[in-house]
Amino acid sequence: MKKRIALPYSLLILATGVAVFFMFKTNGLQRELNESEKAKIALDNRTSQQKELLRIDSMLVAGKYEEAITSYGNTQQTIDDGNKVIPLRIALAKKLQEFNAEKRTDLLSDTNLKDSAASEIATPREIRRYDSINFALEKARVQLKGMQAQLRKKSFGEYLTFNSKKGNTMHYVGQVKNGMATGTGIALLDTGSRYEGEWLANKRHGEGIFYWSDGQRYEGTYEGDTRNGLGTYYWPNGEKYTGQWKEDKRNGQGTFYGKDGKVVKGIWKNDKLVQQAKK
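Numbering (my numbering), first residue to last: 542 to 820.
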């Protein structure tokens, strides 16, 4: 008799437990979905901001300095880290504007003094300055074209969510092949870090930049989702290491630059200096 009474209660407890389990599971999945949506929105916003910056940068390259300065000012409060990146661009635009004004003044002076033989010959210093500015502008044009090409690839990319080699959840926007991140793309990690660069089968592979949430960053080569090859690692205190990497650690020839100005060159093994180069 007691067994007959206990059985329904046992089934009730079991059913309640199953219901509670699935309720928590559903809530967990809903939270993951919400986080994925937030990450996608953040990446979309960043892409839009980069497109706007490229549009204004193209004005700068075209010599529309006043228009570029005004546009930079209008977007300063709407772009992430705008208070850091925009003032630098405005300062560059003003410097180019000043140089352009000086150049026009110099040309006018040369016209007024054309009867003087000395005024018809540019000094070596002027030639070097002119070549330097031309080189800088040409470099800016090349970089702008490259950034525009990368942005076009990212703008029409797909959205994926997957785990890294270390088990971190990655929210990815970029080129996809066979359902996996392959090509160029950006990923936000659940740790707050970010990677921008080349991918192969959901793994960081090729050239890329990784930003940690604490301000550290790595610029260089990846292979199989780890730092492999040549690269530079930057610390927030100003220190950096440039050299060879293997499996996320300093391995091979490399140079460490300390915040105190000290430079150490040598051979590294598993993040430790094992042989210092002779000075």
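Be a bit skeptical, because a hint or two may be false.
What the hints assert, rightly or not - Straight-line C-alpha distance at most 20 Å; calculated EDC-like pairs for lysine to aspartate or glutamate:
1. Lys-810 <-> Asp-789
2. Lys-605 <-> Asp-585
3. Lys-813 <-> Asp-789
4. Lys-744 <-> Asp-731
5. Lys-706 <-> Glu-593
6. Lys-790 <-> Glu-780
7. Lys-707 <-> Asp-766
8. Lys-579 <-> Glu-760
9. Lys-781 <-> Asp-731
10. Lys-636 <-> Glu-608
11. Lys-707 <-> Glu-739
12. Lys-718 <-> Asp-731
13. Lys-718 <-> Glu-764
14. Lys-605 <-> Glu-593
15. Lys-803 <-> Glu-780
Said to hold, decoys possible - Pair by pair, the computed Cβ-Cβ distance ranges are:
16. Thr-702 <-> Gln-618: 29 to 39 Å
17. Glu-607 <-> Ile-582: 52 to 62 Å
18. Glu-788 <-> Met-721: 21 to 31 Å
19. Ala-603 <-> Leu-814: 16 to 26 Å
20. Gly-747 <-> Gln-794: 33 to 43 Å
21. Gly-756 <-> Ser-599: 24 to 34 Å
22. Lys-706 <-> Gly-793: 14 to 24 Å
23. Glu-639 <-> Arg-572: 29 to 39 Å
24. Ala-818 <-> Gly-779: 19 to 29 Å
25. Trp-776 <-> Asn-709: 17 to 27 Å
26. Ala-632 <-> Pro-777: 15 to 25 Å
By construction, these hints were calculated from the structure, which means they are not laboratory data. Glycine residues also receive a C-beta, built at the ideal position from the N, C-alpha and C atoms.
message: Hint by hint, where does the structure go against what was stated? Just the numbers, ascending.
response: 2, 5, 8, 9, 12, 17, 19, 20, 23
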